[in-house]
Each structure stands twice: as structure tokens, then as C-alpha cells.
Amino acid sequence: MICVSGLKKAFHGQVVLDGIDLQIPSGEVVAVLGSSGTGKSVLLLHLIGLMAPDAGQITIDGVEMTTMSERALLKFRRNIGYLFQEGALYDFLTVAENIAFPLKEHARMRPAAIKAKVDEFLDLIDMNGAGEKYPAELSGGMKKRVALARAMISGPKVLLCDEPTSGLDPIRSRDISGLIRDLSKKLGCTTIMTSHDIEHSFMVADRLVVLNNGRIVIDGTKEALRGSADPFVREFLNS
Amino acid sequence: MFIGLKNFITHLGRIILFLVDMLGCIVRGRVRVGEVFKQIYAQGIQSLAIVMATSFASGAVLAMQSRVAMERFGAKELIASLVALSLVRELSPVFTALVFSGKSGAGMTAELGTMSVNSQILATRTMGVDPMEFLIVPRFLACMIVLPILVVVSEVVGIFGGWLIAVTEAGVPSSYYIHQTLDAIRYVDFFSGFVKVFFFALLIGWVSCYKGFYTSGGSMGVGRFTTQAVANCYIAVIVSNTILTKAILTFWGN
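Taken in order, these protein sequences are the chains called A and B.
No gaps in the numbering here: position 21 of the first sequence is 21 in my numbering, and each next residue is one more.
My numbering runs 1000 ahead of the 1-based position in the second sequence.
Worth double-checking, as some hints may not be accurate.
Claimed, not checked - Capping the alpha-carbon separation at 30 angstroms, the derived lysine-lysine pairs in DSSO-like fashion look like this: (1) Lys133/A with Lys1103/B; (2) Lys133/A with Lys104/A; (3) Lys1038/B with Lys104/A; (4) Lys1038/B with Lys117/A; (5) Lys157/A with Lys104/A; (6) Lys1246/B with Lys1103/B; (7) Lys117/A with Lys133/A; (8) Lys133/A with Lys157/A; (9) Lys133/A with Lys1038/B; (10) Lys104/A with Lys75/A; (11) Lys222/A with Lys186/A; (12) Lys115/A with Lys1038/B; (13) Lys1006/B with Lys8/A; (14) Lys1038/B with Lys75/A; (15) Lys117/A with Lys104/A.
Everything labelled a hint here was simulated from the structure, so no lab data went into it.
The following block holds chain B by itself, in its conformation from the complex (with noise of 0.2 angstroms):
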């Protein structure tokens, strides 16, 4: 018991001291612009064509469900505002933090990972360079950035997917769905998205490079740590929106 209590705290304590050392790197200016924006490349090009067919097929399906239940009380001309907002709000941010987690969150813990293993990162050290400010920093930077331009195109792509159902089959005019859908989303509703989506990116950036960091256990350590990586970040991602949710509502209202 008592072992377990002491086993926990120290990885606890690891943890945060990993996110404090990545975040004081980046304050302290060690950032390496070129690997960010190979970063950025490579986890933009992973999680793109995903992101987008999950989007469209949310607001495809978001449409359908709101045609149904939006004929039953006579308000079909809704359905627009119903599909934007649900997706500007919550779909949006969190099934492509989701998507994020599973695509390039878990390529970032199994490349790390497999580096941990095969002796590279200890080689990084041997040369004279900090693993953090080399491999991390830019991985993380990287998620920071591309989860949120995710969401946007995730928005967008939704968004059409609601209009080509609306459109095509429920008989909505497309000029009438484009305003109804501008004139529903207010700054509030795309930037309480965004503001989770910042700290979806926080916590699966820090999970999947923690992991991958601290993989041993050879190919199937690698396997396992990522396994856990992607679990974590769901965890993180649908906690934390509880929360966020939450304290959005309250503080910044609807």
C-alpha cells in the first residue's frame, strides 16, 4: 500500500516536472524552428484526411438526426443553426481532439518510443544535446499548432456535410442554410470551442511525449506505452471537456 502510494507520487511527480521542463525550454527560447514545422507537416498530413471524413460524416449524420427531429416540431429551417452550433461548440473540438489522439498522438508516443528502445534519445544526450529541445519541444509545438487548424477544418467540413444533407434532402435553400449557419455562430461559440481545443492539444501533446519518452520494455514496450498514450488522451480529452464545458458555461456564458 504504502509502496504503491510512494510509487504513485513519484510518477506523478515525473510527470509534471516533464511538463515543466518542456514548457521552460520553450520559455527560455529553445525552440527549433525547422523541426516544428517538419512536425507540423508530418502530424498535419497524418491526421488531415481523417479529420476531414469523420467531420463531414458528423455533420452528414447531424443533419439527418436534425431533420428528423426538427420536422416533428415544425422547425426544419433549424437545422442549420442546430448543425453549426453543435459542431462550432463541442463535435468539432473534441472528435478531432479524439481523431488527433489516435493518429498523431499515438505516432508521436510509438516513434519516440521506438527511439527510447533503440537507444537514440540516450544517443542525444551522448552528443552533446538535450532530447527535450531536439525531439520534445518541437513535437509538442507542433500539436499546439496543428490541433486547432484541425478544428477549423473539421468545422468547415462539417458544416458542408450538414448543408449537402439539408440541401439535398430535406429541400433547405442553400442560400437560406449559408445564413442561417453565419448568423447562428457568435465569437462565443467559436472561441469556447477554441479555448478547449488548446488544452486538448496541451494534454495530448504532453501524454503522447511523456510516453513515448519514457518507453522500455523493447517493441512491445513500445506497443503497450502507445496503447496507453491513446487511452490517456481520451480520458483527458472527454474529462477535461466535462470540466471546460462547465466552467465555460458558468464563466463566460452561453
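Bound conformation, chain A alone (with noise of 0.2 angstroms):
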């Protein structure tokens, strides 16, 4: 369970969080939607302890991250999962070594097991055989897939993703939402994606949020947002 409370940001005086409440039951799937320069990456940042708020708590499963040092919040990171819009592959590292990241620094498993875990999320992002390749070699869709694997092999609570669609064109867009949504219920984690990509938003997820002026306009299913009468969901829907 992931309970945010009253967070609120601001750089250099110009707010972008004012005051934002969500609870999220585990193993739920959360598109946050809005325009750009509404706060939803920085929404994500305070999800993952890189950001600190001004003000406002964020609890997951009971424990409350805002307080921990960034020795303790770099332990509690293992539990979380983060998908970076733009894949921030190691450039060094081949595929097969990015994705097994976490399990080599985390996990202690036997190198065989971490290379049939490895083979098992290379099946899964359907990129047999891309193993030994470089980031360097990848399309953007592809190096989206390699950056999924990598966040989700450790199995972690919770996945957080920003903007996995941007950049994608469409048949790459809707192979990577279903795979979030695909491993999200697979391995139960609990997700929350940032997007401006309404279509795939309401394909993966169970509940849309839309933020505006750094507030939660409307949080409900995709009925409710299509039925929701406020002018800026509204807009944002026809855009």
C-alpha cells in the first residue's frame, strides 16, 4: 500500500506538488496523466526517495520514506522498481549484464541461477538472443524493454515508471504498456506510470489520476475520467 499525504514541492518559489493525497493498494496499476510541467516525474522522484518534500509524508507498506537517511533509503530502493523514460542502460554493460544488475548487487544467487533469471526476462521482453549486445546497438523501444527487465527482475513491490511510451511510435508503445501491465500482474507489484499517452494509459492501467497546476484534478477508473465534467480533463481527453 502506497499513501501519500498532503506532499507538496516548489523550486525557486514556483509550486509543482500542492498538496497531493493518493492511496494505492498493493498489486494496482496507477497511470498519472497531465501536461508537461505538472509535477508527475517529480511526483515519482519523492516516490523514490531522490527528492525530498517541502512538505506531506509518503508511507509504502507502513514505512515512511521522507525521514530515511540516503543510506537507508538506497537499501529501501531494492524493494522498488524504476523504468527511466529514457532506459538509463549502463552504456559499459552488455543486455544480458544491465538486466542482472540487481540480482548480482542485491541477491545472493549463484551465477547460473542469475543467468537463467536473465534468459527468463530476455523471454519475457521477447529479446532471446540480444544478450551480448550494447545499449548502443538498441532502438529506443528495445532499450525500454532492456530497462523493464532490469527494474523488475529483483521482483520488486513496487514499479515506477516515467513516460515508458514517449519517444515510442505506436505498435512499440502498445507492445511496451502491455508489457508493463502484463509483468505488473504477473509478479503483483504494485505500479504507477507516468504518461501524456491517454489510448496506452487507459489500456494499462486500473486507475488514472490526472494532476493540473501541481493538484489532483480527478483520480477514478477510465469511465469516470470520460464522464468527468471538468474543464481541463476534459480538454486534456480531446487533445
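Need the complex rebuilt from these two chains, each delivered in its own frame; the hints are there to steer you.
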């Protein structure tokens, strides 16, 4: 269960998050929507403890994150998978080494077991045979799939995805959206993804949250979103 | 004015904290030996050829110039001593540090800077790994190990360059040149040069890693921060060399 209460953040006097309250039960897939600069990515950075709020609290499974030291956060982040917009794969490691990285770091597993798990994830992301390639040899969609595998391989309780479909063509966007949903449901993790992409968010998420001017405008199912009379939501849906 | 001073103090504090954090990691034993060896290999390979080339040229030129000067005073037999002492006490440590800054130091900054602008350093933290331990400490320690080794290589190659010129052009007998070289270099000469090398390595590793770690501004930022790192390393090496030389001569003697 993720609980965000009264989360506030401002940069140089400009308010980005203005009292966000959000409860996400375990196993749910939530899409945070909104136009650029509405604080979606800032919210994710708070959820993984890379940014400290000006006010408010974040608890994940009852553990308060905002008061943790950096060392404690490093340990706590092992329960969280984070998919970066650009993948953020290590250039100097192969695809297989990138995917294996969290396991090598934290799991007490034999190399053979790690290899088997990496092969399993390469199969899940439909990239068998690409394990020895370097990120520079991959397309944008492939990089995102590898990054998703890396984020998920250690079985995190929470998966955070920052604009997973940005920069991808419609087919690749659908692929990655489907993959996020399938892996989240298969591994039973709570997933929060930010996006501008309404169509794919409807496809992936159980619940949608729309942000505008640092506040939640609507929080509900896609039906609730479609039925909303809020002018911003209407404009956003019709854009 | 006040904002400028505040920014300067904040920046200075961040630079010092970076060093403290880095040394703290090493003292607490959070060192990845495998990564250090990878970096030693990378930095050594990057700089070895260029260090050898510049050292050979320095030794050779030093011998050519010494020959002119020494022949005027009828002291041609002292070429070997002059070349050896100049290289061991001063030229090899400083030249090698400068070459290393421009090659491996710039490489470190550019590599870390690219990782920084591509969110790879942030990704390291999201995976519960301390980037200081995984990315910075191995590069810094490799720098502390590789530079002294390169300086020894530089001294040997430089002396060989001097020997070649002295023997082929000045007609100094080979065995005499070698004997004079070994005779001229005392422990104090070697170690006074070597002490400086450790300071240079610390400064180059610190500046290069810091600049790379805090690179921002995309690909242009990588270029800008890398150039700044090299310029700052050059200044740090040259200024600290002056201070260290004076301190060594004062407290250690001639």
C-alpha cells in the first residue's frame, strides 16, 4: 500500500506539487496523467526518495520514506523498480549484464541462477539472443524493454515508470504498455506510471489520476475520466 | 555580490564534501576491487603510449639542450646527471600528470558526465547502489595507482631518450652514461618526485570525478565540464607543484 499525504514541492518559489493525497492499494496499476510540467515526474522522484518534499508524507507498506537517511533509502529502494524515460541503461554493460545488475548487487544467487533468471526475462521481453548486445546497438523500444526487465528482475513490490511510451511509435508504445501491465500483474507489484498518452494509459491502468497545477483534478477509472465535467480533463481527453 | 559569495561557498562545500564522501567510502572498506582493476587497465592503456612518447621526447630534448650548455662549460660528462635529475625530480612527475589529466582525467569526466546526463548515475541510486562506491571510488583509486606507475615508466623512457642522444650525438660512452645516471639519483630525488605524484593523482582524480559526477546540460554540458576538468587539473597540478617543491626543498633538503 502506498500512501501519499499532503505532498508539497516548490522550486524557486514555483509550486509543482500542491498537497497531493493518494492511496494506492498493493497490486494496482495507476497512471498519472497530465500535461508537461505538471509535476508527474517530480511525484515519481519523491516516491523513490530521490527528492525530498517541502511538506507531506509518503509511506510504502507502512514505512515512512521522507525521514529516511540516504543510506537507509539505498536499502529501501531495493523494493522499488524504476523505469526511466530514456531507459538509463549502462553503456558499458551488455543487455544481459544490465538486466542482471540488480541481482548481482543484492540477491545472493549463484551466477548460473542469475543467468537463468536473465534468460527468463529476455524471453518475457521477447529479446532472446540479444543478451550480448550493448545498449548503443538497440532501438529506443528495445532499450525500454531491457530497462523494464532490469527494473522488474529482482521482484520489486513497487514499479515506477516515467513516461514509458514517450518517443516510441504507436506499435512500440502498445508493446511496452502491454508488457508493463503483463509483468505488473504477473509479479503482483504496485505500478505507478506517468504519461501523456491517454490511449495507452487506458489500456494499462486500473486507475487514472490527472494532475493539473500541482493538484489532483480527478482520480478514478477510465469511465470516471470519460464522464468528468472538469474543463481541464475534457480538454486533456480531447487533445 | 552576496549571491556570488554564497554560490562560491556552496560550491566549495560541495567539492570538499565530495572528497570526504569518497575518502570515507575507502576508509570504510567500500571498495570494489574488480572495478578498480578494470579502471586501472582502462586508464593505464589510455595514457601509456602518449606518456612514453612525451617522456622519450622530453629526455631526448633535455639531452640535446644539456649538451649545448654543458659543452660551453666543458662538462659534457654531466649530461647524464642533468637529464636524470631533471626528469626524476621534476619533469616526469609534472609532464606525466599533465598528460594524464588530458587523457585519462578527461576520459573519466566525459564518461561520468555522459552517465550523469543520461540518468545512469540516478539509475544506480534507484537500484539501491551507491554511485560513489560503484562509479567514483574505483576511478579515483585507479588514478592513485596508475599515475605513480606511469611516472616510473616516464622516468625510465625519458632517461633512455637522453641516453640515445648522449651516446649517438654527444659521443658519451654508453656504460659511462648509465653509471653516471645511477650515481646521480639518490633516494631523496626519487621520493621527492614521487611524493608530488601522489598529490597530483589525488587532485586529478578528485577534480575529474567531481566534474563528471555533477555534469549537466546534455551533450554540450559534457563537453563544457570535460574542458573545465582538464583546465582545472592543469592549474591544480602546476600550482600545487610550486607549493610542494618549495615545501620539499624546505623540509626535506636538497
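Cross-check of the supplied hints:
1. The straight-line distance between the Cα atoms of Lys133/A and Lys1103/B is roughly 28 angstroms, inside the 30 angstroms bound, and the hint therefore holds.
2. Of the pairs offered as hints, the one joining Lys133/A and Lys104/A holds, with about 19 angstroms between alpha carbons and a cut-off of 30 angstroms not exceeded.
3. Note on Lys1038/B and Lys104/A: the hinted pairing holds, with a Cα-Cα distance of about 17 angstroms set against a maximum of 30 angstroms.
4. This hinted pair checks out: Lys1038/B and Lys117/A have alpha carbons roughly 26 angstroms apart, not beyond 30 angstroms.
5. About 19 angstroms separates the Cα atoms of Lys157/A and Lys104/A, which keeps this hinted pair within 30 angstroms; it holds.
6. Straight-line distance between C-alpha atoms of Lys1246/B and Lys1103/B comes to about 28 angstroms, which keeps the hinted pair within the 30 angstroms bound.
7. Restraint check for Lys117/A and Lys133/A: satisfied, since their Cα atoms lie roughly 18 angstroms apart, inside the 30 angstroms limit.
8. At roughly 29 angstroms between alpha-carbon atoms, Lys133/A and Lys157/A fall within 30 angstroms of each other, so this suggested pair holds.
9. Proximity of Lys133/A to Lys1038/B is assessed by CA-CA distance (about 20 angstroms); at most 30 angstroms being required, the pair is judged to hold.
10. At roughly 15 angstroms between alpha-carbon atoms, Lys104/A and Lys75/A fall within 30 angstroms of each other, so this suggested pair holds.
11. Straight-line distance between C-alpha atoms of Lys222/A and Lys186/A comes to about 22 angstroms, which keeps the hinted pair within the 30 angstroms bound.
12. Proximity of Lys115/A to Lys1038/B is assessed by CA-CA distance (about 22 angstroms); at most 30 angstroms being required, the pair is judged to hold.
13. A hinted pair counts as satisfied when its Cα atoms are at most 30 angstroms apart, and Lys1006/B with Lys8/A qualifies at roughly 26 angstroms.
14. Restraint check for Lys1038/B and Lys75/A: the C-alpha separation of about 26 angstroms stays at or below 30 angstroms, so the hint holds.
15. Between the alpha carbons of Lys117/A and Lys104/A the distance comes to roughly 11 angstroms, so the proposed pair stays at or under 30 angstroms and holds.
In summary, the structure agrees with every hint in the numbered list given earlier.
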